[in-house]
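Starting from the given sequences, assemble the full structure and let the hints guide the process.
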Amino acid sequence: MQNQLSIFNTLTRTKEKFEPIHKGMVGVYVCGPTVYSDVHLGNCRTFISFDLIYRYLLHLGFKVRYVRNITDAGHLEGDRDEGDDKFAKKAKLEQLEPMEIVQKYTLGFHDVMREFNTLPPSIEPTATGHICEQIEMIKEIIANGYAYEIKGTVYFDVEKYNKEFPYGQLTNRKLEDLLEGTRELSGQDEKRGRLDFALWIAAKEETLMKWPSPWGWGFPGWHIECSAMSNKYLGETFDIHGGGMDLQATHHTNEIAQSQACNHKAPVKYWMHTNMLTVNGVRMSKTAGNGFLPGELFTGNHPLLEKGYSPMAVRFFMMQTHYRSTLDFSNEALQASEKGYARLITSIKTIDNLKTSAASTSNIKELEKACYAAMNDDFNAPILVASLFEGARIINSVNDNKETITAEDLALLKKLMHSFVFDVLGLKSETSNSSADKALQGAMEVILEIRKDIKAKKDYAASDKLRDDLNKHNIQIKDTKDGPVWSVSE
RNA sequence: GGUCCUGUGGCCGAGUGGCUAGGCUGAGCUCUGCAAAAGCUCCUACUGCGGUUCGAAUCCGCACGGGACCUCCA
Numbered sequence: 003m004q005n006q007l008s009i010f011n012t013l014t015r016t017k018e019k020f021e022p023i024h025k026g027m028v029g030v031y032v033c034g035p036t037v038y039s040d041v042h043l044g045n046c047r048t049f050i051s052f053d054l055i056y057r058y059l060l061h062l063g064f065k066v067r068y069v070r071n072i073t074d075a076g077h078l079e080g081d082r083d084e085g086d087d088k089f090a091k092k093a094k095l096e097q098l099e100p101m102e103i104v105q106k107y108t109l110g111f112h113d114v115m116r117e118f119n120t121l122p123p124s125i126e127p128t129a130t131g132h133i134c135e136q137i138e139m140i141k142e143i144i145a146n147g148y149a150y151e152i153k154g155t156v157y158f159d160v161e162k163y164n165k166e167f168p169y170g171q172l173t174n175r176k177l178e179d180l181l182e183g184t185r186e187l188s189g190q191d192e193k194r195g196r197l198d199f200a201l202w203i204a205a206k207e208e209t210l211m212k213w214p215s216p217w218g219w220g221f222p223g224w225h226i227e228c229s230a231m232s233n234k235y236l237g238e239t240f241d242i243h244g245g246g247m248d249l250q251a252t253h254h255t256n257e258i259a260q261s262q263a264c265n266h267k268a269p270v271k272y273w274m275h276t277n278m279l280t281v282n283g284v285r286m287s288k289t290a291g292n293g294f295l296p297g298e299l300f301t302g303n304h305p306l307l308e309k310g311y312s313p314m315a316v317r318f319f320m321m322q323t324h325y326r327s328t329l330d331f332s333n334e335a336l337q338a339s340e341k342g343y344a345r346l347i348t349s350i351k352t353i354d355n356l357k358t359s360a361a362s363t364s365n366i367k368e369l370e371k372a373c374y375a376a377m378n379d380d381f382n383a384p385i386l387v388a389s390l391f392e393g394a395r396i397i398n399s400v401n402d403n404k405e406t407i408t409a410e411d412l413a414l415l416k417k418l419m420h421s422f423v424f425d426v427l428g429l430k431s432e433t434s435n436s437s438a439d440k441a442l443q444g445a446m447e448v449i450l451e452i453r454k455d456i457k458a459k460k461d462y463a464a465s466d467k468l469r470d471d472l473n474k475h476n477i478q479i480k481d482t483k484d485g486p487v488w489s490v491s492e
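For the first sequence, position 244 (counting from the first letter as 1) is numbered 246 according to our numbering, and the numbering increases by one without interruption.
These aren't lab readings, by the way, just hints derived from the structure by calculation.
These numbers were taken from a predicted model, which means no experiment stands behind them.
A hint or two may mislead.
Claimed, not checked - In silico DSSO-like pairs for lysine-lysine, Cα to Cα no more than 27 Å straight-line: (1) K351 <-> K483; (2) K430 <-> K480; (3) K271 <-> K162; (4) K371 <-> K19; (5) K65 <-> K234; (6) K459 <-> K483; (7) K267 <-> K165; (8) K267 <-> K234; (9) K367 <-> K19; (10) K454 <-> K440; (11) K65 <-> K416; (12) K480 <-> K351; (13) K457 <-> K440; (14) K162 <-> K193; (15) K176 <-> K271; (16) K474 <-> K341; (17) K459 <-> K474; (18) K351 <-> K367; (19) K153 <-> K212; (20) K480 <-> K404; (21) K417 <-> K65; (22) K474 <-> K440.
Below you can see the structure in the form of structure tokens.
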């Protein structure tokens, strides 16, 4: 372990030293997507942020169990535990079975996560796969006196719970303040308290996704799945629970209440929340209609996009902002990241060509320290990136014979750049080894050989034309001291 | 209305009570047949007004601007 990691805990609103419950092991639960439509870039940001966190914990040597669920049932359209769930609604629209909707968008989600080079979680449980666990948990909550049933629907009694536990602690709010923000109960409402939420919802005649329960046919409420599944795979109390900030006030607040009411203990030691992605200063969301899909981003096929951006350029763009800050999208910012990313990757490829000397002009050990210090300070990737650019500067300077490096330092620098850029930040070099690429490589060798002859005859007009023409096909030739180098641009 | 967060150079974005992050852009220089790349140098900011302090962009207050949550959303 490279010194002490600290994490900003939403519960206390301070940075705390990270001490896992079980030495050397970390349990992480992150609220995954509700798979009733394509994930947009804002959703991706959250999962990419937690991918960084997961990767760094692994890098530090922790044995991590990373659980990220798939919500495939119980997430209602309306705000008052009424109506059909999102899958059934979408299923009707697309004339499919609800589980066809789930399958379609789950596969799509996985494809996008792979594009962004995120590591798969250790366990990816689904709500429909854990109906029994949810029912058992609800039974326990009722037995403990924190929930009640009315006509086949089970509600959590928030006001009763609040008498013993601070219901609004995660958002630092008092119950009275929360009550002020809610509407009066209408005559149709069955629940007792305005803040009460459903644990189990009675099925109607037309409900498509329903299961038998002690309270009749129905389906689980949205919040109970995360309590049940985190409990099952990580235990009654685990280390880190994460999710987007928008889940903090309702979903996570209710999760804490459910788990506490069931197990008589707080479920989570460190709560982590990632901030939103914004477009022109406004949060990207499904309902605001200002979101675009990862596919559109990669191809540039969207009115807001001037061009396409590669998945790694986008990932790097996100790594230049701290996970707790809002990240505002713009073409200009993305293009800046694209260039910076290319420079960083190019420098890493240069490492293998460096010559070593008897002394180093730069302090590589200090650089290593700076990298760990950045990440240990609540996963501060932007500061890490700044240090990595310092590394790139050193590499390029040594390559230009303007600085020197010892063999020992070079080995350390190489290890440092590789482990932080590829393992921790999760970036990868975007080159493929397809047969077409190999053919291009061969062709370029032939072309450069011919151009060498032309240049030897000092026919610069011809050699420059060759270079310019290839450039029109996105192939750059650079005439360095050590001979020509070529590359393909995006 | 309630509860919070936030306001940094041309753009994006870190950050600490005093020691000028970083990326992109622009200008100049070095290198080079030229170009590109790379390195170096320069443009040295912290919404406004008060207060605390030897000293504040960093702490406090007020004002103005932006945003989030309180209703489904990562």
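So, going through the hints one by one against the coordinates:
1. K351 <-> K483: Given that 27 Å is the threshold and the Cα spacing comes to 17 Å, the pair holds.
2. K430 <-> K480: Holds: K430 and K480 sit about 23 Å apart, inside 27 Å.
3. K271 <-> K162: holds, 24 Å
4. K371 <-> K19: With Cα atoms ~18 Å apart, K371 and K19 stay inside 27 Å; holds.
5. K65 <-> K234: holds, 18 Å
6. K459 <-> K483: Roughly 18 Å between the alpha carbons, so the hint for K459 and K483 holds.
7. K267 <-> K165: holds, 15 Å
8. K267 <-> K234: Roughly 15 Å separates the two Cα atoms, so the pair holds.
9. K367 <-> K19: At roughly 24 Å apart (the allowed maximum being 27 Å), K19 and K367 satisfy the hint.
10. K454 <-> K440: Holds - the C-alpha atoms of K440 and K454 are around 21 Å apart, at most 27 Å.
11. K65 <-> K416: holds, 25 Å
12. K480 <-> K351: Holds. K480 to K351 sits at ~15 Å (cutoff 27 Å).
13. K457 <-> K440: holds, 26 Å
14. K162 <-> K193: holds, 13 Å
15. K176 <-> K271: It holds: about 21 Å lies between the C-alpha atoms, which stays within 27 Å.
16. K474 <-> K341: Distance ~19 Å between K474 and K341 Cα, so the pair holds.
17. K459 <-> K474: holds, 25 Å
18. K351 <-> K367: holds, 21 Å
19. K153 <-> K212: OK: K153 and K212 at ~15 Å, within 27 Å.
20. K480 <-> K404: Given pair K480, K404 holds - Cα atoms ~20 Å apart, limit 27 Å.
21. K417 <-> K65: holds, 21 Å
22. K474 <-> K440: Since the Cα atoms of K474 and K440 sit roughly 20 Å apart, the hinted pair holds (cutoff 27 Å).
Comparing the model with each earlier hint shows no violations; every hint is respected.
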